[in-house]
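This is what each chain is made of:
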Amino acid sequence: MARYRGNLEAIKGLVRETEVHRDVYIDEEVFQLEMEHVFANTWAYVGHDSQVAKPGDYYGTTIGTQPILMVRHTDNTVKVLHNRCPHKGTRITTESCGNTGKFFRCPYHAWSFKTDGSLLAIPLKKGYENTGVEQSHAGRGMSPVKHVHNYRGFVFAKLNDVGPGFEEFFGDSLSSFDNMVDRSPAGRLEVAGGVLRYMHNCNWKMLVENQTDTCHPMVAHESSAGTAIEVWKNAPPGAKKPMAVEIYAPFMAPYEFFENMGIRVWPNGHGHTGVHHSIHSDYSAVPGYFEKMAAAHGEERAKAILNENRHNTVYFPNIMIKGPIQLVRVFKPIAANKTLVESWTFRLVDAPDMLLERTLMYNRLINAPTSVVGHDDLEMYERAQEGLHVDANQWVNLQRLYDPSEVPDTTAVTNGTTEWQMRNQFRAWSKFMTMSM
Amino acid sequence: MTAPTDQQLIDFVIRETRLIDQHRFEEWLDLFAEDGFYWMPLEWGQTDPRLTTSLMYEDKLLLKIRVERLKGNRTFSQKPKSRCHHVLQTPQVDSRNEAANEYVTWTPMHYVETRLDQQDLYAAWATHTLAMVDGALKIKLKRVDIVNCDAAFGNIQLFM
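Protein chains in written order, with numbering that gives the first Met the number 0: chain A, 0 to 436; chain B, 0 to 159.
Simulated from the structure, these hints should not be mistaken for laboratory data. Note that CB positions come from ideal geometry on N, CA and C, so glycine has one too. The reader is advised that the hints may include incorrect statements.
[As the list claims (entries may be wrong)] Across the chosen pairs, the derived CB separations fall in these ranges:
{"id": "1", "chain 1": "A", "residue 1": "95", "chain 2": "B", "residue 2": "117", "range": "25 to 31 Å"}
{"id": "2", "chain 1": "B", "residue 1": "86", "chain 2": "A", "residue 2": "7", "range": "26 to 32 Å"}
{"id": "3", "chain 1": "B", "residue 1": "80", "chain 2": "A", "residue 2": "95", "range": "35 to 41 Å"}
{"id": "4", "chain 1": "B", "residue 1": "86", "chain 2": "A", "residue 2": "106", "range": "33 to 39 Å"}
{"id": "5", "chain 1": "A", "residue 1": "300", "chain 2": "B", "residue 2": "84", "range": "55 to 61 Å"}
{"id": "6", "chain 1": "A", "residue 1": "95", "chain 2": "B", "residue 2": "2", "range": "41 to 47 Å"}
{"id": "7", "chain 1": "B", "residue 1": "80", "chain 2": "A", "residue 2": "150", "range": "30 to 36 Å"}
{"id": "8", "chain 1": "A", "residue 1": "15", "chain 2": "B", "residue 2": "79", "range": "34 to 40 Å"}
{"id": "9", "chain 1": "B", "residue 1": "146", "chain 2": "A", "residue 2": "93", "range": "14 to 20 Å"}
{"id": "10", "chain 1": "B", "residue 1": "117", "chain 2": "A", "residue 2": "93", "range": "26 to 32 Å"}
{"id": "11", "chain 1": "A", "residue 1": "404", "chain 2": "B", "residue 2": "146", "range": "54 to 60 Å"}
{"id": "12", "chain 1": "B", "residue 1": "73", "chain 2": "A", "residue 2": "233", "range": "18 to 24 Å"}
[As the list claims (entries may be wrong)] Subject to a maximum C-alpha distance of 30 Å in a straight line, what follows is the list of computed DSBU-like cross-link-like pairs (lysine-lysine):
{"id": "13", "chain 1": "A", "residue 1": "232", "chain 2": "B", "residue 2": "78"}
{"id": "14", "chain 1": "A", "residue 1": "232", "chain 2": "B", "residue 2": "63"}
{"id": "15", "chain 1": "A", "residue 1": "239", "chain 2": "B", "residue 2": "80"}
{"id": "16", "chain 1": "B", "residue 1": "70", "chain 2": "A", "residue 2": "239"}
{"id": "17", "chain 1": "A", "residue 1": "337", "chain 2": "B", "residue 2": "139"}
[Stated by the list, open to error] Here are some of the chain B residues that sit facing chain A, going by a computed Cβ distance under 8 Å:
{"id": "18", "residue": "39"}
{"id": "19", "residue": "41"}
{"id": "20", "residue": "49"}
{"id": "21", "residue": "131"}
{"id": "22", "residue": "153"}
{"id": "23", "residue": "154"}
Here chain A stands alone, though its shape is the one from the complex (with noise of 0.2 Å):
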């Protein structure tokens, strides 16, 4: 029985003003409307375009749970097409890479389409003949997305026509995008590396929420980073501090470096901690690349740009960055309690290869099935999923530094260890929820 489709007042009771409804985390049917809804209304991170490099290179990926492709049209713009063919629905193809050439073809049928969708043929075409297939949704080819915005390299897709413009939704939050891009001596990223799929039997939201939970690290990771920082102390006396204790040893920081780094919010569900300060602000410089920098930005610009060493930003609904290191997280939706995390890490165009080695380790030490730190977090998630089916309490509360005053859908700046950005999170939840219901 549905409890919640075409129940708006029951959406609307999900989420209070500092606690939400578990239902939000374990309830499928919330999940189906979060997939139409939430995923559709906003502004859901594709690929990158160094993904699609030459014209007929293509990218197969999901918004929310709907299969889409990203593809470089013989124009060298990025189209985003729903991926499937219009005859019968087959998938063009797969999640996966690769190049296409001038054309796709359905491999069931061999109907075939431009690279910007339009169908270019079908086998035995005098079958249609007189029948009106013209007209039909099949005859006018792979449906294009219609709502792309490639911003800096970053590939971005609205299916829905409601919803907010590509600058309007994201406002402010474009400069970790821009600090990130503007890293690289060149003003340019690219894909690398390897993409790293941990599976998560949880809901995507606990993984969002937890990129700017500052108050989890040092407990939740005691077991990973406080180990490694156990284990460094016996080193031999004067060794230099390998690459992967600086990675580890920052998790453990105290509350006060947590609470003095800050987190800033901004409208539409997006925000950041490590305003001032974070775990990547200590880092040993790799040698050439400040002078890389200055040569390309000058100087002051340069450091500017370096000093800028914010921690994790998120960008509503399933994406989570960080600048200083050039890695995006994406939290694809499978299920209720099933997520797909996908981490994705980046070159610096023309800095010196030591700074994509430290991003993999990174990447590799935190957000790998096979990380300790990962297990550390998964093992929290799991069990929460599990404990939300206790009925006595059916919720969830974001209550830490609540303010009654705080107004929804602004830019602030405030304690580190706030739950406001979580808060930031629920209210464009409801928001981007209800607003094509």
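Here the structure of chain A is known, so what remains is to put chain B in place on it, guided by the hints.
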């Protein structure tokens, strides 16, 4: 220095996985040379551990952190602990280079890791690069290529 026989190389590889299955992780760590590495590529046929992402590429320090963590009082993902089980084909000695003190074996295997009600099966090939160090065989590199290395896995918490 006496070169190891093929049988000694084979016995070493078999014993190495036995130590993992029996959770004798300190003894297992001792099998690594001081500059030894454990490498689990992410990419099919991967050649570069540095500028291509891996699932694991760990020196002895990082392996020691893992081993210590598994024992930790606040290691909640190991409460209760994972268990594992290797089934090996007989290791094949792929190359013997006594002059360079380098011996390479190749071992197809199935690996099972369990925790609570979850049991995961992985198929992989282990490539061991071994050397004689102070009269004993040591691991310079253990490379584990999982057949579906690029699939989306859940937690892999122990060692293949």
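Does the Cβ-Cβ separation between residue 15 of chain A and residue 79 of chain B fall within 34 to 40 Å?
holds (36 Å)
Could you check if residue 39 of chain B really has its C-beta closer than 8 Å to a C-beta on chain A?
holds (6 Å)
Does residue 63 of chain B sit within 30 Å of residue 232 of chain A, going by the straight-line distance between their CA atoms?
holds (13 Å)
Does residue 49 of chain B pass the interface check with chain A, least Cβ-Cβ distance below 8 Å?
holds (5 Å)
Supplied distance hint 35 to 41 Å, evaluated on CB atoms of residue 80 of chain B and residue 95 of chain A:
The hinted range 35 to 41 Å holds for residue 80 of chain B and residue 95 of chain A, with Cβ atoms some 36 Å apart.
Can you tell me whether the CB distance of residue 404 of chain A to residue 146 of chain B sits inside 54 to 60 Å?
Since the Cβ atoms of residue 404 of chain A and residue 146 of chain B sit about 57 Å apart, the hinted range of 54 to 60 Å holds.
So if I understand the rule, the pair passes when the alpha-carbon distance is 30 Å or less; does residue 232 of chain A with residue 78 of chain B pass?
holds (26 Å)
Grab the minimum C-beta distance from residue 153 of chain B to chain A and call the hint holds if it beats 8 Å, violated otherwise.
holds (5 Å)
Do the beta carbons of residue 95 of chain A and residue 117 of chain B sit within 25 to 31 Å of each other?
holds (28 Å)
Distance restraint hint 55 to 61 Å, applied to the beta-carbon atoms of residue 300 of chain A and residue 84 of chain B:
Given about 57 Å between the Cβ atoms, the range holds.
Does residue 70 of chain B pair with residue 239 of chain A here, judged by a C-alpha cut-off of 30 Å?
Roughly 27 Å between the alpha carbons, so the hint for residue 70 of chain B and residue 239 of chain A holds.
Could you check if residue 154 of chain B really has its C-beta closer than 8 Å to a C-beta on chain A?
Holds, about 5 Å.
Against the hints set out earlier in the document, violations occur for numbers 2, 7, 15, 17, 21.
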